[in-house]
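Peer 1: Chains as they are written, first to last, in numbering that gives the first Met the number 0: chain P, 0 to 297; chain V, 0 to 297.
There are no misleading hints in this set.
Here are some chain V residues pointing at chain P (derived, C-beta under 10 Å):
id	residue
1	Ala-121
2	Leu-186
3	Thr-275
Listed next, with one range per pair, are the computed distances between beta-carbon atoms:
id	chain 1	residue 1	chain 2	residue 2	range
4	V	Glu-270	P	Asn-172	29 to 37 Å
5	P	Lys-167	V	Ser-132	30 to 38 Å
6	V	Lys-81	P	Glu-290	40 to 48 Å
7	V	Asp-138	P	Lys-137	24 to 32 Å
8	V	Asn-159	P	Lys-23	50 to 58 Å
Hints are computed from structural coordinates only; laboratory data are not their basis.
Here a beta-carbon is modelled for each residue, glycine too, at the ideal position from N, C-alpha and C.
2 protein chains.
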Amino acid sequence: MFNCITIIGCGLIGSSLMRAIEEKELSKKINIFDKSNDVTSFIKKNFKAEAYKDISDSVKDADLIIISAPLSSYKEILLSIKDNLKKDAILTDTGSAKKEINKIINNFNLPNLNWIASHPIAGTEYSGPEAGSSHLFKDRWCILSSDENISKDKFKLLENFWYKIGCKVKFMNFEDHDYVLSLTSHLPHAIAYSLVRTAINNDDKFKNDIIQYSAGGLRDFTRIAASDPLMWRDIFIDNSENILKVLEKYVANLEEIKKAIINKDGNKLIEIFSSTKKIRKDIIKAGQDTEKPGFGRK
Amino acid sequence: MFNCITIIGCGLIGSSLMRAIEEKELSKKINIFDKSNDVTSFIKKNFKAEAYKDISDSVKDADLIIISAPLSSYKEILLSIKDNLKKDAILTDTGSAKKEINKIINNFNLPNLNWIASHPIAGTEYSGPEAGSSHLFKDRWCILSSDENISKDKFKLLENFWYKIGCKVKFMNFEDHDYVLSLTSHLPHAIAYSLVRTAINNDDKFKNDIIQYSAGGLRDFTRIAASDPLMWRDIFIDNSENILKVLEKYVANLEEIKKAIINKDGNKLIEIFSSTKKIRKDIIKAGQDTEKPGFGRK
Chain P
0 MFNCITIIGC GLIGSSLMRA IEEKELSKKI NIFDKSNDVT SFIKKNFKAE
50 AYKDISDSVK DADLIIISAP LSSYKEILLS IKDNLKKDAI LTDTGSAKKE
100 INKIINNFNL PNLNWIASHP IAGTEYSGPE AGSSHLFKDR WCILSSDENI
150 SKDKFKLLEN FWYKIGCKVK FMNFEDHDYV LSLTSHLPHA IAYSLVRTAI
200 NNDDKFKNDI IQYSAGGLRD FTRIAASDPL MWRDIFIDNS ENILKVLEKY
250 VANLEEIKKA IINKDGNKLI EIFSSTKKIR KDIIKAGQDT EKPGFGRK
Chain V
0 MFNCITIIGC GLIGSSLMRA IEEKELSKKI NIFDKSNDVT SFIKKNFKAE
50 AYKDISDSVK DADLIIISAP LSSYKEILLS IKDNLKKDAI LTDTGSAKKE
100 INKIINNFNL PNLNWIASHP IAGTEYSGPE AGSSHLFKDR WCILSSDENI
150 SKDKFKLLEN FWYKIGCKVK FMNFEDHDYV LSLTSHLPHA IAYSLVRTAI
200 NNDDKFKNDI IQYSAGGLRD FTRIAASDPL MWRDIFIDNS ENILKVLEKY
250 VANLEEIKKA IINKDGNKLI EIFSSTKKIR KDIIKAGQDT EKPGFGRK
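Just chain P, with the same shape it has in the complex:
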């Protein structure tokens, strides 16, 4: 399908893509670049992909370049590769916020490059190439975003690539993407981090008890709060505008519960707690989670 794909950044997501591309034979050649020597050694030892020491060398034959690195590194990556790009190559990424990086890439003004953003909504609480899996994207959504004047053929090529990786694909403009993700992913992470910090910072006397009895709810949040700190720093900075907006709405909802607790207002509490049951069913119906109790834990 492609002659050469280059993946820049080979952690959980990048290495999962590499595995899927190899397994599904989506490219004759796979090039890898990662800043970390440990990552490069791991790839060399275990996979067929060619790992480069020089980032600009890694892209020169690529028909498709996938940036799978923290958002704050995009500018430096573009600076390093811009003069070595193959004519009419597609540039995509796997980042969780789009509006700011779109500005950065457009500012480079590279007329022979087809920039189409990708966001495969997949991942786990683990980081690094050892945690990757070729099945990570199976049945997950991948959101594509691009400017209107993009080549239709290139768009279709990339869309088809994600289908073959295993994703369902949808188009969304950069702004809508960042707003929807602020609610479905970024706000939940802010909340999870705050909760787990509240629980740990607590009185040492009860620390072991808190860990021991975490099955009553807390443990579900610790999974999310174990994600890669560097990646999340960049998301919170890039999508700050939306995150602050939804955080404000969230605090208002929290105040509503607080007020009902202070007033011991049973009817209001029932109203609040009943309103959220349905969305779980909708999410399961949409194939976005398992209906097994407790996520099917044993």
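Following the hints, complete the assembly by docking chain V onto the known chain P.
Peer 2: Structure of chain V alone, referenced to chain P:
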């Protein structure tokens, strides 16, 4: 082990206990009382336990009575059964908040009754007897709370009962229980309900997108926010003091993240996000969650 156990309230937890008691042969006879005719019919149709129409009849032969009903119903239950209790019977429960119900039960001043509170930390997002399972308590903690003057023999008998059900058992006084659970369970629920309400109340234009792309974090919270509203209303009212206290600490932590986002303070964000990674490992080490990525979802 017991001649007769009566379970009052036969939903998810009560029916799971009934199943486990039957399976492990922990009582010659099992009596059931539930206000709901649907529940009673379901039990009669599927299990050996005897379902009573009259709550006071259901307890008269019982050596062990287990209340597995919402906290707000305890007073009415005690009023209905207090004159029919067998001498030296053990009364226990499965409620998630202890201090207030302990006051209520002590106010009845029943000298021939051995009141020892139980809290098996187990459950799922589903309600009702159809959702029950005899394995629900396997390897879960059960916290026992009692006054100091309780009969040691009766305490051991109940402790042993929970061991045989499959639990690990720990003693904690009523106050400490309520504080620890406010952090591990009650605060997480308040937060999950607020988040899911923030996400649903949103602009209808994006509602379907929000459900569709919930795998990025939101879906984990919807599980918790699908729990039984009536049960949670009572917990929030009974344990309001602790919940409001930890909610305040939580809001302070949320403000810290908000400030770091406003200031685009990358170092502070990294510090916040890094501090929570370890607790996940501690929870897995304590056997309280699976180490499989994404809770082992497929």
